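Novice: Got chain C; can you put chains A and E on it based on the hints?
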Amino acid sequence: MNGANILFYLLAAMILGSGLLAVTTRQLFRAAIYLLFSLIGMAGMYFWLQYEFIAAVQVVVYVGGITVLIIFSIFLTQQAGEKMLVKKTGQQIFAAIAAFCGFALVMVQIVQNNFTATKNLSLSPSVTNIGNQMLGVDKGGYALPFEVVSILLLAALIGSIVIALRTPTQTS
Amino acid sequence: MQKDGLEAIIMEICNPIIYHFLRSLKNNSQTITIFELQALFLRHFKKMPSQYYLFLSLALFCIGVMGVLMRRNAIIILMCIELMLNAVNLLLVTFSKMYNDPNAQLFVFFIMVVAAAEVSIGLAIIVMMYRKVHSIDVHILNRLKN
Amino acid sequence: MILTAITLGFILEKVILVSIILGGSLGIAMYSTWAERKVAAVMQDRRGPNRAGPFGLFQPLADGLKLFMKEEIIPTLSNKFLFILGPSLAMLMACMTSAVIPWGPNIVHADGSVFTLQVADINIGILFIFGVVSLGVYGIMLGSWASNNKYSLLSGLRAAAQAVSYELAMGLSLIALVMMSGSLSMREIVEQQHGFWNNGYFTWNFFKQPLAFVIFIVCSFAELNRAPFDLSECESELVGGYHTEFSSMKLGFYLFAEYINMFITSIILSSLFFGGYNYPGMDWVALHVSPLFVSIIGVLVLLGKAVAFILFFMFIRWTLPRFRYDQLMDLGWKSLIPLALFNMLVTGAIILAFQK
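These protein sequences, in sequence, are chains C, A and E. Quick note on the working numbering: the first sequence kicks off at 2 and runs consecutively. Quick note on the working numbering: the second sequence kicks off at 238 and runs consecutively. Quick note on the working numbering: the third sequence kicks off at 731 and runs consecutively.
Just chain C, same shape as in the assembly (with noise of 0.2 Å):
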């Protein structure tokens, strides 16, 4: 046990048992802050791995915007204090019986499949790199998915924008 595994041991337990806090919980805010710090632990594990720019663009994608766009519309949709309806107890167990079932399933391929770490060339995730890799258009550059993934984003806008639109047949 030293410092470094000490860090990890922190960081995923935050993760994991504010995860599971918030699919536990039955108040749908303190779900909410609990995916929160969930995700606030996820950005950390990024700066851990020395990934500081994602780790920012996580703390203001996910924590700064998705997040606050769900608390949102938790505003929207409930009222203080309301306890959420639960499935019944069968189907519950259920569910945990198969996500844990999948878990040994995977655990026991990963185990059994030894990672090697290789040590061919340095990485360095600079922001310069990422950003001249991320516009490239030569080989290993991803200029195409790139576009795409603008187009879908604008596509999500238009959207959201469409759906939340009032008609103006809509009677309510």
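By construction, these hints were calculated from the structure, which means they are not laboratory data. Since the structure is predicted, the reported quantities are computational estimates derived from the model, not experimental observations.
As a list, the in silico DSS-like pairs of lysine-lysine whose alpha-carbon atoms are at most 27 Å apart:
| hint | chain 1 | residue 1 | chain 2 | residue 2 |
| --- | --- | --- | --- | --- |
| 1 | E | Lys810 | E | Lys800 |
| 2 | C | Lys89 | A | Lys369 |
| 3 | A | Lys369 | E | Lys880 |
| 4 | E | Lys810 | E | Lys796 |
| 5 | A | Lys334 | C | Lys140 |
Specialist: Relative to the frame of chain C, chains A and E by itself:
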């Protein structure tokens, strides 16, 4: 050999190899800054098995799956999908670190974009659904079944 | 024991720096409340606070004491944990941004050791600021939800929508700046604005990116929830907004966090656009004054710029009427974001043209 507070802490949290390395540096009267210390930490960290990260990612993914199966609130289900996407991101970052491959981290950005699009559309639909049926319970949508 | 000496010194250095910064921010935030009242009084032809001490200078202390003494009320039907978490988070996020701000030029000692007037020079400083700013809205949202009060809830909704939509324009305006300076580190961006005049043109980013500055300052009004964008706490519609149910020091935390945010935003504005600790004729000063004084003058210059911005924020608050909510959203989505995109496009084109 007398040790004062900070040295004892370093001895305790670093493993002995790093500690002796630091001491040898000290004997050469080289100064060592906190950044070098951090680099030493990180060098040591690389020896930690990457499988732990895979286990973490897998556990998070399974928590997400469990949530999707267990809950009947649409917003919670969206949140569980976010957890699962996060687990995949962590997996990609781990493999990127393991194989020194910068391609994986670009996929992380693409996944984040897709997640943002998915959440915005999903929440718009949920809010619309609430306006129509005054509930965000996914079981309400089963009505057409019987 | 060189290792111990240096690391211990390093930790001590940072601890002292952090405490000075936090103490200074708190002090300036306290006196901002006093200044705000005085400014309001001047604009409305009144006298303002003048009972406690000369010119009412002890008024903030009296207010603080009053807030401490008041009875603390937690509504019965509220969510206690979140109710306490809200103001704490607001305060924490207000204080966290100051970590990446370069407060002054490095102090170089005679023996070659360098004392940096910056808590952490991380290479993604601007993104850090962004992240913390986007976290700032959680204080308001948690508090408003936990109050279990309709007015608070409406205020929280308003604050969240406003923050999310203005963050976009803010980010886009900063991207133009980052494209030009080619770095995400605050220290480097400030260093690039050295002096005031270089090779026949101004060095400060304000003169290179005036449009980005205008967009950024409008967005920071919105992010700070200050007039003319204080839709989330407008008394005439929502009683008190998100802090209707809060009392005693929790209310104090919310009010304080707002003023600290204002101070930090002023510092960020002056660092990014008005040269930070750089000022005209700093090279001449550096030759004639001892290094310690050069740093002190730099810090004072930065603080002076920040105070000017704080006064500007206050003048705007007591001059302009409040926006309507649809006008606010129109301004954010239909004017500022297209303008910021246009600015980005023009900046990119100019950079490409100069590269060729």
